[in-house]
Amino acid sequence: MTTTPTPPQSVAAAQPGEVPVPTVGKGEGPMARRARMAKKRLSSPWASGIAIILAVLWTIPTFGLFVTSFRPSEDIRANGWWNVVTNPDFTLDNYQAALGDGNMIEYFVNSVAITLPAVFIPISIALLAAYAFAWIDFKGRDALFVAVFALQIVPIQITMIPLLSQYVDWGLAGSFWTVWLSHSIFALPLAIFLLHNFMKDIPPSLVEAARVDGAGHVKIFFRVLLPILTPAIAAFGIYQFLWVWNDLLVALVFAPGTQVRPLTVAIAELAGTRGQTWHLLSAGAFIMMIVPVIVFLSLQRYFVRGMLAGSVKG
Amino acid sequence: MEFIENIGAWIGYLWDPVREFLLEADNPAQKLVLMVIAIVLFVVVMGGILLAVDKPKKVPRWVVTSAFAGPALLAMAFGLVYPAIRTIYTSFFLRNSDEYIGLDNYVTAFTQNEFQIVLRNTAIWVILVPILSTFIGLVYAVVVDRSRFEKIAKALIFLPMAISMVGAGIIWRFMYEFRDPLRDANGNPTTEQTGLINQVLVAVGLDPKQFLLDAPENTLFLIIVLVWIQAGFAMTILAAAIRAIPDDIIEAGKLDGLQGVSMFRYITVPSIRPALVVVLTTIAMGTLKVFDIVRTMTSGNFETSVVANEFYVQSFRAQNAGMGAALAVILFVLVIPIVIYNVRQMRISEAIR
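Listed in order, the protein sequences are those of chains A and B.
Remember, my numbering sits 12 above the position in the first sequence when you count from 1.
Remember, my numbering sits 358 above the position in the second sequence when you count from 1.
Source of the hints: derived by calculation from the structure; they are not laboratory data.
Accuracy of the hints is not assured; some may be wrong.
As the list claims (entries may be wrong) - Here are the simulated DMTMM-like pairs of lysine to aspartate or glutamate, each with C-alpha atoms no more than 25 Å apart in a straight line:
hint, chain 1, residue 1, chain 2, residue 2
1, B, K567, B, E661
2, B, K389, A, D181
3, B, K389, B, E378
4, A, K212, A, D149
5, B, K416, A, D225
6, A, K231, B, D412
7, B, K389, A, E281
8, A, K231, A, D149
9, B, K416, A, D149
10, A, K212, A, D154
11, A, K231, A, D154
12, A, K151, B, D412
13, A, K212, B, D412
14, A, K231, A, E220
15, B, K413, A, D149
16, B, K389, A, E220
17, A, K212, A, D225
18, B, K413, A, E220
Only a predicted model underlies this, so the values are computations on that prediction, with no experimental measurement involved.
One chain only, chain A, in its complex shape (with noise of 0.2 Å):
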């Protein structure tokens, strides 16, 4: 990752659902407004047709696979999904089958003891960091912050192997500990960057103002930029909780155990051993991805803002 793929005001205007708000210029003449109103209700029927020919293309797969995990499992053996139209038979079984003989419940919960503290954790320190990289004049400040800008381009994996030795050598093998830990730190150099600009793009009279009134670094930080910053740090929050529930490799490496593993381990792991398991396998994976959905539906604005912002990390 290296930074917001787009300046912030296209990422601003990017959000799906949000209604378009056309810049209105100052030099807007009735001609353009009327242009513009009129490309507006020239939507064209053809346009629509595609849109909703794609949506739907693009919406079949997980559909096809959500109607399979309500399927029994007999008939997900003997036919395609689609026969639910003429043969309509559904079932919780296979949800049933995955939460108990599967143990999605138990990695479901290893998902969700993982996720928090690996958001919690990093956003905190990135947003001290930010801060004195923002507002606390220090030598050799601005050296640093390129730095971590850079360390934003090592890919985890050129870090794993030395430090699952460490953790080796430490004892913490296995637990949640390294789990935490190492996306706290591949979190960082991102956080860092994003809250940098956020906090960046707060008025310095503000901060004076405090600093004034005879506020220390800590109380200025607590009491007047995080306030301004909540959006900011929700964005974020969400982006990176999406990045660590849904994340392959960083369990796979660190906590492959039965005690440790999140839905993601387990789901590739029964993909990898019993491919053909697809009554569990269906079950299993919409288990996994309803946190995520959950979230994106109704949280879709800072998602998106989110999302745009962190797409190269990893």
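Knowing the structure of chain A, use the given hints to seat chain B on it.
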């Protein structure tokens, strides 16, 4: 003396269950408690540090600075800088031994057939995924901008980005599912296909296909999965860029008689060129590190492995740390030029604004 030994024994006695709990929590309640403990512990430590430096004027500035920036810098030095150097060093050694072999691992990676396939596949991924995703995303951005179902259509295209690549891998494995078409005496298939794509093939009279097994085209079928995911990303950014094109430029184009495709070609594309480059390079960087899809769908078998997957296999399955390290370094080196280009374009596009 005995007293001290006793204390030692007591500490050990008390520590063991704590240690066991901290490292081997094994039921859901314990795990969640452990999770809360970890967060609380972190808050206490960080809060303590901040409280200690929260006395303006009495504390020297460098202490305050290191309280704020220190934890992050230490963590990155420990977890990114040091391991990266260490990995570069490891890549010059044979397997897991300390036998120095110079650049042999790299030579192997570029000359041996098995690894050449890996590099070839990675190249195919990095070229095709950005181009296809961006193209589809662009078409969709243009179309959706003029459609009445903008909101829901965008959400549906973007949804694959939210679900994990493992989930996407499972979803598409099911799409590609193949059943051996046993035939009865009359030559009619007796088994029904359960994968949608093979069902479509059969319906139009073709033979079903082993999409994931038949090399080399199976790599293309894996690539489709990532395109499916990334098109939403491309669409979102490009749609925003298209919307940001000033009306007067579009007006000027119309006055010059541009319409439809020529409008798209001479006005839209040049206007959003910076965004296009950013989307292409961003997706390329992500594609270079693709692991989950390959791992979930084929485990890298049947000649579908890519560098990131081969890194995992060599490092953690084949016990060949030297080779794994070399592959990680190759990944690192490959990503650098894309990043530099990306950052440069971003600078330019910001300067234009």
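Outcome of the hint check:
1. B:K567 to B:E661: holds (17 Å)
2. B:K389 to A:D181: holds (23 Å)
3. B:K389 to B:E378: It holds: about 12 Å lies between the C-alpha atoms, which stays within 25 Å.
4. A:K212 to A:D149: holds (13 Å)
5. B:K416 to A:D225: Holds, because 16 Å separates the two Cα atoms, which is no more than 25 Å.
6. A:K231 to B:D412: Between K231 (chain A) and D412 (chain B) the Cα gap is close to 8 Å, so the pair holds against 25 Å.
7. B:K389 to A:E281: OK: K389 (chain B) and E281 (chain A) at ~22 Å, within 25 Å.
8. A:K231 to A:D149: Given that 25 Å is the threshold and the Cα spacing comes to 17 Å, the pair holds.
9. B:K416 to A:D149: Answer holds: K416 (chain B) to D149 (chain A) is near 17 Å, not above 25 Å.
10. A:K212 to A:D154: holds (14 Å)
11. A:K231 to A:D154: With Cα atoms ~24 Å apart, K231 (chain A) and D154 (chain A) stay inside 25 Å; holds.
12. A:K151 to B:D412: OK: K151 (chain A) and D412 (chain B) at ~21 Å, within 25 Å.
13. A:K212 to B:D412: With Cα atoms ~22 Å apart, K212 (chain A) and D412 (chain B) stay inside 25 Å; holds.
14. A:K231 to A:E220: holds (13 Å)
15. B:K413 to A:D149: holds (17 Å)
16. B:K389 to A:E220: violated (45 Å)
17. A:K212 to A:D225: holds (21 Å)
18. B:K413 to A:E220: holds (17 Å)
When the structure is compared with the earlier hints, a violation turns up for hint 16 alone.
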